[in-house]
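Undergrad: Residue-level listing of the chains:
There are 2 protein chains.
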Amino acid sequence: MKYSQYFIPTQKNFPSDAEIISHKLMIRSGMIKQASSGIYSWLPLGLKVLKKIENIVREEQNKAGAIELLMPTIQSSDLWVQSGRYEDYGKEMLRFKDRSEREMLYGPTNEELITNIFQSYISSYKDLPKNLYHIQWKFRDELRPRFGIMRGREFLMKDNYSFDLDESLAKKSYNNMFSAYIKTFLRMGLTPITLRAETGPIGGSLSHEFQILANTGESTLYYDQELEKINPETINPEKLQTYYAAVDDQHDQNKCPIPKENLKISKGIEVGHIFYFGTKYSEKLNALIQNKDGKKFPVHMGSYGIGVSRLVGAIIEAYHDEKGIKWPLSVAPFTLSIINLMTDDKLCSEKSEFYYNKFIENNIDVLFDDRNCSIGKKLSDNELIGIPFQVIIGKRDLNEGVVEIKDRLNNLTERISADNVVDYILKKIKI
Amino acid sequence: MKYSQYFIPTQKNFPSDAEIISHKLMIRSGMIKQASSGIYSWLPLGLKVLKKIENIVREEQNKAGAIELLMPTIQSSDLWVQSGRYEDYGKEMLRFKDRSEREMLYGPTNEELITNIFQSYISSYKDLPKNLYHIQWKFRDELRPRFGIMRGREFLMKDNYSFDLDESLAKKSYNNMFSAYIKTFLRMGLTPITLRAETGPIGGSLSHEFQILANTGESTLYYDQELEKINPETINPEKLQTYYAAVDDQHDQNKCPIPKENLKISKGIEVGHIFYFGTKYSEKLNALIQNKDGKKFPVHMGSYGIGVSRLVGAIIEAYHDEKGIKWPLSVAPFTLSIINLMTDDKLCSEKSEFYYNKFIENNIDVLFDDRNCSIGKKLSDNELIGIPFQVIIGKRDLNEGVVEIKDRLNNLTERISADNVVDYILKKIKI
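Listed in order, the protein sequences are those of chains W and D. So the first sequence is residues 8 to 438, counted in the working numbering. So the second sequence is residues 8 to 438, counted in the working numbering.
Accuracy of the hints is not assured; some may be wrong.
Claimed, not checked - Sample of chain W residues at the chain D side, in silico, Cβ under 7 angstroms:
{"hint": "1", "residue": "Ser43"}
{"hint": "2", "residue": "Leu50"}
{"hint": "3", "residue": "Leu54"}
{"hint": "4", "residue": "Ser83"}
{"hint": "5", "residue": "Phe154"}
Claimed, not checked - Below 20 angstroms or equal to it, Euclidean Cα-Cα: the simulated PhoX-like pairs (lysine-lysine) are:
{"hint": "6", "chain 1": "D", "residue 1": "Lys70", "chain 2": "W", "residue 2": "Lys9"}
{"hint": "7", "chain 1": "D", "residue 1": "Lys70", "chain 2": "W", "residue 2": "Lys365"}
{"hint": "8", "chain 1": "W", "residue 1": "Lys55", "chain 2": "D", "residue 2": "Lys58"}
{"hint": "9", "chain 1": "W", "residue 1": "Lys31", "chain 2": "W", "residue 2": "Lys402"}
{"hint": "10", "chain 1": "D", "residue 1": "Lys402", "chain 2": "D", "residue 2": "Lys384"}
{"hint": "11", "chain 1": "D", "residue 1": "Lys58", "chain 2": "D", "residue 2": "Lys70"}
{"hint": "12", "chain 1": "W", "residue 1": "Lys365", "chain 2": "W", "residue 2": "Lys434"}
{"hint": "13", "chain 1": "W", "residue 1": "Lys31", "chain 2": "W", "residue 2": "Lys434"}
{"hint": "14", "chain 1": "D", "residue 1": "Lys137", "chain 2": "W", "residue 2": "Lys70"}
{"hint": "15", "chain 1": "W", "residue 1": "Lys70", "chain 2": "D", "residue 2": "Lys55"}
Worth flagging that the hints you see were computed from the coordinates, not collected in a lab. We put the beta carbon where it would ideally sit given N, CA and C, even for glycine.
Assemble the whole structure, with the sequences as input and the hints as a guide.
TA: Put into structure tokens, the structure is as follows:
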């Protein structure tokens, strides 16, 4: 993609209500634009990151055996009345009447609708287990939306729902999702810390929260250092669930069950939450399963959520410096940018164009900064938007037969023979 | 994907309000489930087709130079008041107040919001032309939703917006989209017929409608037979726009400008609509562009819509028989299904499993019907869901060293040496 033909409206300033660094950087790097309070348009760069994150979530769900479908954003109130949650949910649920005076709502979650879908088609133990998910926009009418897309009103979420014959099988499904979540966050370059959690309005008896570490995070976490050392190949969810972890207001130094030298304290951001709630919804919505003996029982359910749009902000909180964002490769909007410092120099332009075409041939998603603007603006924009690698084409360098390559993650630069640039990058990104 | 572990709830019956064949077949093949009036959940098979269609639309938009972003579903009424359309739009616009009593709406289209985004960042002729699109759910509060997802209330649409310095450049953008639309529909196996159209509430002076041919279509089209012979490599939009085409109530046999032998009459379904409306929105929303001489003018705009979810129904209307759907390869939920007729036979099961793994190795999206159910149900379900190729594994065939392969599009079957099955299919789908 040529920068001059693309649409990355970087900004020097940010709105005064942008309190946290991810909100500031998303505005400044032209990733989002506020449409109305707590509601954002995702500009091209922001949307690319959102899609990358969505896709990692999707791939890990599929690998874990979950099946994708898509429920609508607008629901009728009927099932919510039946489950008893229509009254329970407060003003955060956006409610309205359609033109025929039917009570409708913008779904904040989907336990009711998915239970209804399940019970419409599945009634035999032979069809279990089932794990159904979707990735869909939700609405939560926050009184005071803040932190940009981190606590917005319209947000993208992956939610799934497991259906099992009994509690012990349901806990297997729960642990399967527990592992899938850890793999998902690790793939994004994040360090997930798992905490036992309250079940809140979803209900149930077992729940875990997934926080990721970031110095600028909202919560303070106290946890066993073992939780930082997870190997995605050998995750043991049951063992992980035994390690100590607590947020600020639940941690009591005097009652902490682990030795001080094992305790770590870091800031975290919540990005996922999972629940086992047994038959809470299946009883009320009549989702019954016939077992081998022909007897009918309410199906055992769990639900599992990842804040897909929230992760965009969370990753920025974990990966940035004073100059801008430093995207991990797996979620970066582009793999690399080619920065032509001298667009009016024939050699610089030809060489830049040559690399651009070579990278495209190799299926690398490359941003070519061909803009006719000052070197200063070019370099600072590229620092700000945080593409993992910068290939910087300057006249003096080219005359010496070299090109500068910058690794944005560690801010190290190397000067590489101009002939080796493509191979060097391909090796770096392991293709 | 193994059928037994997937979720395709095929049905014998369909609701009494399902009047058209695509609605009946989508319910019967377990692609969708009604959530409330005119609002549907997309079950796994339906979602897969929807995503395939969405992706073709996206690829052709990108090829045509349009840039993807994503506007939210919920908008504030402010910009609509400014453009004058808040009053104009009738009850089909879903309106409501949020918890802070602000007037909000579920976007039925996005001329206002995109113009606002554009004018926030772009003010120089140097940044033109720009063409911005998104693929997003819309809501249209139809009084009597019908025809399943073909005239539902919540629907997925691709809409884009072009921005140019003057009318003649804007018409270039218009013609560029005209060509992209034809390529898009041709890739889905459809025959698009283009008609000059009314501009309606969008406004403007130039508009075309894209209908696709289907025997069960809603409109009757009268058109020059040349329109059926478009070559995607050599589309000439200006020439195409000169050919005669009219819907039923606009066609007058006595005034028809082309010879009778060139006139074709077919049924069609509208799947796209494009508009050039000049400065209608840019004037009201203050989207001004500075030209080379430093003078400011309102930017010239066009808007372009494709009914992404509607296309799922339209393709079924064009491709079905009395047994079910016949998906064109480019939008099929799976490329082929392996049907094991005898799941309790060791040889049949081993051979089926062998093919299944081979196809997966070759990156073919394959559905493996491993269900333990009657041969009759297996065959009829597979006809119904309409996967392009069926690889049918039977015991008697295997003993003779052959396998039956059915091409669902023309319903022809061939018996192929069991050793050649994978190569035969790979050749058929040209990988």
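Undergrad: Going back to the hint list, which numbers does this structure go against?
TA: Structure breaks hints 5, 9, 13, 14.
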